[in-house]
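If you read the protein sequences in the order shown, they are chains W and C. Quick note: the first sequence uses my numbering, first residue 1, plus one each step. Quick note: the second sequence uses my numbering, first residue 212, plus one each step.
Worth flagging that the hints you see were computed from the coordinates, not collected in a lab. Be aware that a few hints might be false.
[As the list claims (entries may be wrong)] Calculated cross-link-like contacts (lysine-lysine; reagent style DSS-like; alpha-carbon spacing at most 27 Å):
| id | chain 1 | residue 1 | chain 2 | residue 2 |
| --- | --- | --- | --- | --- |
| 1 | W | Lys160 | C | Lys411 |
| 2 | C | Lys371 | W | Lys50 |
| 3 | C | Lys332 | C | Lys371 |
| 4 | W | Lys27 | W | Lys110 |
| 5 | W | Lys160 | C | Lys371 |
| 6 | W | Lys39 | W | Lys76 |
| 7 | W | Lys39 | C | Lys332 |
| 8 | W | Lys160 | C | Lys238 |
| 9 | C | Lys284 | W | Lys200 |
| 10 | C | Lys287 | C | Lys399 |
| 11 | C | Lys287 | W | Lys39 |
| 12 | W | Lys188 | C | Lys290 |
| 13 | C | Lys411 | W | Lys110 |
| 14 | C | Lys332 | W | Lys200 |
| 15 | C | Lys321 | W | Lys39 |
| 16 | C | Lys238 | W | Lys200 |
| 17 | W | Lys121 | C | Lys321 |
| 18 | W | Lys200 | C | Lys321 |
| 19 | C | Lys238 | W | Lys121 |
| 20 | W | Lys50 | W | Lys110 |
| 21 | W | Lys73 | C | Lys290 |
| 22 | W | Lys85 | W | Lys117 |
| 23 | W | Lys85 | W | Lys73 |
2 protein chains.
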Amino acid sequence: MRFKTIPDETISRLFPYMRALVCLNEKGAEIVSSNRLSKICMINSAIIRKDFSYFGEFGKRGVGYNVPELLAKIRKILKLEEYKKVALIGTGNIGRAILSYNYFPSEGFKIVLAFDKDVNKIGSEINGIRINDIQNAQRMILDQNVEICIVATPVDETSKVINMLSEFGIDAFLSFSPCRLNLPDNVKVTCMDLSTELAKLAYYSNKEIEN
Amino acid sequence: MRFKTIPDETISRLFPYMRALVCLNEKGAEIVSSNRLSKICMINSAIIRKDFSYFGEFGKRGVGYNVPELLAKIRKILKLEEYKKVALIGTGNIGRAILSYNYFPSEGFKIVLAFDKDVNKIGSEINGIRINDIQNAQRMILDQNVEICIVATPVDETSKVINMLSEFGIDAFLSFSPCRLNLPDNVKVTCMDLSTELAKLAYYSNKEIEN
Numbered sequence: 001m002r003f004k005t006i007p008d009e010t011i012s013r014l015f016p017y018m019r020a021l022v023c024l025n026e027k028g029a030e031i032v033s034s035n036r037l038s039k040i041c042m043i044n045s046a047i048i049r050k051d052f053s054y055f056g057e058f059g060k061r062g063v064g065y066n067v068p069e070l071l072a073k074i075r076k077i078l079k080l081e082e083y084k085k086v087a088l089i090g091t092g093n094i095g096r097a098i099l100s101y102n103y104f105p106s107e108g109f110k111i112v113l114a115f116d117k118d119v120n121k122i123g124s125e126i127n128g129i130r131i132n133d134i135q136n137a138q139r140m141i142l143d144q145n146v147e148i149c150i151v152a153t154p155v156d157e158t159s160k161v162i163n164m165l166s167e168f169g170i171d172a173f174l175s176f177s178p179c180r181l182n183l184p185d186n187v188k189v190t191c192m193d194l195s196t197e198l199a200k201l202a203y204y205s206n207k208e209i210e211n
Numbered sequence: 212m213r214f215k216t217i218p219d220e221t222i223s224r225l226f227p228y229m230r231a232l233v234c235l236n237e238k239g240a241e242i243v244s245s246n247r248l249s250k251i252c253m254i255n256s257a258i259i260r261k262d263f264s265y266f267g268e269f270g271k272r273g274v275g276y277n278v279p280e281l282l283a284k285i286r287k288i289l290k291l292e293e294y295k296k297v298a299l300i301g302t303g304n305i306g307r308a309i310l311s312y313n314y315f316p317s318e319g320f321k322i323v324l325a326f327d328k329d330v331n332k333i334g335s336e337i338n339g340i341r342i343n344d345i346q347n348a349q350r351m352i353l354d355q356n357v358e359i360c361i362v363a364t365p366v367d368e369t370s371k372v373i374n375m376l377s378e379f380g381i382d383a384f385l386s387f388s389p390c391r392l393n394l395p396d397n398v399k400v401t402c403m404d405l406s407t408e409l410a411k412l413a414y415y416s417n418k419e420i421e422n
């Protein structure tokens, strides 16, 4: 309740702050200055100081912010103090890369289930996680209280899979397909969209050259 | 020059508009309403109409916008009328997924080069693209006028690779590593950061439940 007054723009910047703090924390840094955070996050240091002022006293002028304390505070605001359980659908190239990614636990997420429809993959393990038959997804996802599904299926199957999972009560999806057409209105789908990111890079890198 | 007055917030929304229009165009849609675009892009339709008003007359009240014309206009503003040449560094799981992704050409990008340091991979092809020795990266990237590099190496090699490539004059990178510490200040690195996207999803999906 006491965080209700934090503006949405500040909330949106907590994610890159958290990311930077996780990295700094893993490297053993105890203190970070707003200038250093500014360089890492590419956010103006005055904005950083203003953002942090919304949630109490962390900084010491001329010294910096306490990394573990600040990280814990941001995690609390973002409700990421406990693991969020994640299920992965689709174990092709992208799915395998995700299962092999070992940093989720330090970041508040845990892949607890993986599914595929390919009988040659079902029953095998990647990085200690068993690949299950997609036919059993409903029961297993509900049993495990999964909160988020990562959908790494081929593009033309993504909508079908998201529609199916939303009927099981899942409403938060991370997808690697470029399109989010034909999806139910009540679900949140974040698309990791390479082309859009490339377009942004191209635009802003051109822009700098012109200046 | 005549686009100088388009606000930055509008520019940032052109990327999701373009993405939606590419999809609609591929599906053969000729006309799209601001309401339909609003649902696809999750952007308020009044904002969409305001954004499009900055670059001339495309809509007919009660009919909608001409999809191919609008797409061409947005591409022009974003300077994406011609292919941007892209090089990929690292052909592990993520790199292979990227090389197998066939939608880049319709979106203004073309992967022209792929590199790895693994002698077992060098010389082989994925989706028609040859994997080259990273040792030859400088010559080949300069010869081909590559503008953007996608870095899909293991996390602990990313900084080294980006530093090396920035010395060749590349200043725009897409990375899959969570950290952007220890990078030169003059390069633009966009991180496709799964954990941050998951954190956003978790936060905003919780928030909805509370309402």
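Comparing the hints with the structure gives:
no. : hint                : in the structure
1   : W/Lys160 x C/Lys411 : holds (23 Å)
2   : C/Lys371 x W/Lys50  : violated (33 Å)
3   : C/Lys332 x C/Lys371 : holds (20 Å)
4   : W/Lys27 x W/Lys110  : holds (21 Å)
5   : W/Lys160 x C/Lys371 : violated (41 Å)
6   : W/Lys39 x W/Lys76   : holds (24 Å)
7   : W/Lys39 x C/Lys332  : violated (36 Å)
8   : W/Lys160 x C/Lys238 : holds (17 Å)
9   : C/Lys284 x W/Lys200 : holds (16 Å)
10  : C/Lys287 x C/Lys399 : holds (22 Å)
11  : C/Lys287 x W/Lys39  : violated (32 Å)
12  : W/Lys188 x C/Lys290 : violated (30 Å)
13  : C/Lys411 x W/Lys110 : holds (15 Å)
14  : C/Lys332 x W/Lys200 : violated (31 Å)
15  : C/Lys321 x W/Lys39  : violated (31 Å)
16  : C/Lys238 x W/Lys200 : holds (24 Å)
17  : W/Lys121 x C/Lys321 : violated (32 Å)
18  : W/Lys200 x C/Lys321 : holds (15 Å)
19  : C/Lys238 x W/Lys121 : violated (32 Å)
20  : W/Lys50 x W/Lys110  : violated (32 Å)
21  : W/Lys73 x C/Lys290  : violated (42 Å)
22  : W/Lys85 x W/Lys117  : holds (21 Å)
23  : W/Lys85 x W/Lys73   : holds (21 Å)
The structure fails to meet hints 2, 5, 7, 11, 12, 14, 15, 17, 19, 20 and 21 from the earlier list, while all remaining hints are met.
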